[in-house]
Amino acid sequence: MIRMIEDVFVKNGLIFSFLLVGVMMLITEYLSKRVFKNKIPGVALAIILGLILAGFGKEKGISNIAVFSGMAVLGGTMLRDFAIVSTALGASFDEIKKAGWIAVLSLFIGILFSFCIGSFVAIGFGYHDAKSIATIAAGTCTFIVGPITGNAVGASSEVITLSIAAGVVKVVIVTIFTPLLAKRIGLVDKNTAMVFGGIMGTTSGVSAGLAATDMKLVPYGAITATFYTGLACLICPSILFPLLKLLTV
Amino acid sequence: MKIYGVAILASCYFAGLILGEILSNIFNIDGNLGGVGFAMLFLILLSDWLKKKNLFHVEYESGIGFWTSMYIPIVIAMASIQNVHAALSSGAVAVVAGTVVTSLCFFLIPVLTKLTKKNAEQ
Chain V
1 MIRMIEDVFV
11 KNGLIFSFLL
21 VGVMMLITEY
31 LSKRVFKNKI
41 PGVALAIILG
51 LILAGFGKEK
61 GISNIAVFSG
71 MAVLGGTMLR
81 DFAIVSTALG
91 ASFDEIKKAG
101 WIAVLSLFIG
111 ILFSFCIGSF
121 VAIGFGYHDA
131 KSIATIAAGT
141 CTFIVGPITG
151 NAVGASSEVI
161 TLSIAAGVVK
171 VVIVTIFTPL
181 LAKRIGLVDK
191 NTAMVFGGIM
201 GTTSGVSAGL
211 AATDMKLVPY
221 GAITATFYTG
231 LACLICPSIL
241 FPLLKLLTV
Chain W
250 MKIYGVAILA
260 SCYFAGLILG
270 EILSNIFNID
280 GNLGGVGFAM
290 LFLILLSDWL
300 KKKNLFHVEY
310 ESGIGFWTSM
320 YIPIVIAMAS
330 IQNVHAALSS
340 GAVAVVAGTV
350 VTSLCFFLIP
360 VLTKLTKKNA
370 EQ
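Just so you know, the sequences run in chain order V and W. With the numbering used here as the guide, the letters of the first sequence map in order to residues 1 to 249. With the numbering used here as the guide, the letters of the second sequence map in order to residues 250 to 371.
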């Protein structure tokens, strides 16, 4: 009987993964609201829960266990890249034009700055190959830019995991410290919110952090953060990785 | 028809990935150079152009919007299929890199916001 039911889940792995991720998000949203009082966004908790679940499997995480094999389809590169491309629809060049050159400048500075500092830290921890350094550095941009860069340049799965973790750390720090530091860093109006989104780039962290500061600022930070993700997915593998490769050889 | 929106998204996806492959061939680097980023750029340009021509139906937007709303669930599924055991031994680099970069970014913001103020005064 149990065998039969298990078979149904194994055969319908992708559908089971919808159910599973739905339940995971339900739990982490609840924890975020009730236990952490919105100080840590549900998204960050859900990714951490995902990483914990991955610990139950082997090199392919939880998808090594037959019942959970559908997670490899849902979380695989194809659907991931397709979904991240779709987020670009919310971004329009007219919006960024309105924000002016300072928003565009903050995007480039934000990405280059994160990538450079992230590279130094990776080198400091003894990584010597351009693939690993670029992937960890891209992870400090956002938790999605890391794995996209890692897959694009062919980094190891271990390094890709580290890049996701680095991105999650960023989300948590941005969410907690944005409301505390907002006044000190002059985060008070829509223009500074756009700069903030352009420097930090992590859409979930920026949205959650700004929501705790001033709800009105959220859409302004979110728009530059969306551009950040797109721009970082573009230049991390195509410009910054080859540059790093030239420097490290 | 929502599927038209999804098809527009798919066409941008392939255009971007193919361009990424071509670039990686030209520069002789394995992998796909910026394919996802190019695809996003194409989607922004194509949807903007279609909207200006009044050819972009609201339904298309909801077809693409479904995939946007699946982005976070997909990232969570992605986290659950990682090689965590191998990464755990070197987990410190992730925490240090994330913390150092983010803290320094906070310092950068006042520098840039001062520029916005100067700009506004002018």
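None of these hints come from the bench; they were simulated from the model. Just so it is clear, the structure is predicted and the values come from calculations on it, not from any experiment. Warning: the hint list may mix true and false statements.
[As the list claims (entries may be wrong)] No farther apart than 25 Å at their CA atoms in a straight line, the calculated lysine-lysine pairs in the BS3-like style are these:
hint, chain 1, residue 1, chain 2, residue 2
1, V, Lys-37, V, Lys-245
2, W, Lys-251, V, Lys-97
3, V, Lys-245, V, Lys-216
4, V, Lys-11, V, Lys-60
5, W, Lys-301, V, Lys-11
6, V, Lys-190, W, Lys-367
7, W, Lys-367, V, Lys-216
8, V, Lys-216, V, Lys-39
9, V, Lys-97, W, Lys-367
10, V, Lys-37, V, Lys-58
11, W, Lys-302, V, Lys-190
12, W, Lys-302, V, Lys-216
13, W, Lys-367, V, Lys-98
14, W, Lys-300, V, Lys-97
15, V, Lys-245, W, Lys-367
16, W, Lys-302, V, Lys-98
17, W, Lys-363, V, Lys-183
18, V, Lys-11, V, Lys-97
19, V, Lys-97, W, Lys-302
20, W, Lys-301, V, Lys-98
21, V, Lys-37, V, Lys-183
22, W, Lys-251, V, Lys-98
23, W, Lys-302, V, Lys-183
24, V, Lys-39, V, Lys-245
To see whether the hints hold, each was checked on the structure:
Of the supplied pair hints, the one linking V:Lys-37 and V:Lys-245 is violated, its CA atoms being roughly 44 Å apart against a limit of 25 Å. About 29 Å separates the Cα atoms of W:Lys-251 and V:Lys-97, which puts this hinted pair outside 25 Å; it is violated. Between V:Lys-245 and V:Lys-216 the alpha-carbon distance is near 42 Å, which puts this suggested pair outside the 25 Å criterion. Restraint check for V:Lys-11 and V:Lys-60: the C-alpha separation of about 19 Å stays at or below 25 Å, so the hint holds.
Of the supplied pair hints, the one linking W:Lys-301 and V:Lys-11 is violated, its CA atoms being roughly 45 Å apart against a limit of 25 Å. With a CA separation close to 15 Å, the supplied pair V:Lys-190 and W:Lys-367 stays within the 25 Å bound. With a CA separation close to 23 Å, the supplied pair W:Lys-367 and V:Lys-216 stays within the 25 Å bound. Simply put, V:Lys-216 and V:Lys-39 have alpha-carbon atoms about 18 Å apart, close enough for the 25 Å limit, and the pair holds.
Distance restraint check for V:Lys-97 and W:Lys-367: the Cα-Cα separation of roughly 18 Å lies within the 25 Å cut-off, and the hinted pair is therefore satisfied. With a C-alpha separation of about 34 Å, the suggested pairing of V:Lys-37 with V:Lys-58 is violated against the 25 Å cut-off. For the hint linking W:Lys-302 to V:Lys-190, the alpha-carbon distance of about 30 Å lies beyond 25 Å, and the restraint is violated. Of the supplied pair hints, the one linking W:Lys-302 and V:Lys-216 is violated, its CA atoms being roughly 31 Å apart against a limit of 25 Å.
Between W:Lys-367 and V:Lys-98 the alpha-carbon distance is near 17 Å, which keeps this suggested pair within the 25 Å criterion. For a cut-off of 25 Å, the pair hint linking W:Lys-300 to V:Lys-97 stands: about 17 Å separates their Cα positions. Pair hint V:Lys-245 plus W:Lys-367 does not hold up; C-alpha atoms about 38 Å apart against a cutoff of 25 Å. Restraint check for W:Lys-302 and V:Lys-98: the C-alpha separation of about 21 Å stays at or below 25 Å, so the hint holds.
Distance restraint check for W:Lys-363 and V:Lys-183: the Cα-Cα separation of roughly 13 Å lies within the 25 Å cut-off, and the hinted pair is therefore satisfied. The suggested pairing of V:Lys-11 with V:Lys-97 is violated, with an alpha-carbon distance near 49 Å, which exceeds 25 Å. Distance check on the hinted pair: V:Lys-97 and W:Lys-302 sit about 20 Å apart at the alpha-carbon level, within 25 Å; holds. For the proposed pair W:Lys-301 and V:Lys-98, the alpha carbon gap of about 18 Å is at most 25 Å, so the pair holds.
For the suggested pair V:Lys-37 and V:Lys-183, the alpha carbons sit about 21 Å apart, so the restraint of at most 25 Å is met. This hinted pair does not check out: W:Lys-251 and V:Lys-98 have alpha carbons roughly 30 Å apart, beyond 25 Å. Simply put, W:Lys-302 and V:Lys-183 have alpha-carbon atoms about 43 Å apart, too far for the 25 Å limit, and the pair is violated. Restraint check for V:Lys-39 and V:Lys-245: not satisfied, since their Cα atoms lie roughly 39 Å apart, outside the 25 Å limit.
Hint violations for this structure: numbers 1, 2, 3, 5, 10, 11, 12, 15, 18, 22, 23 and 24, all remaining hints satisfied.
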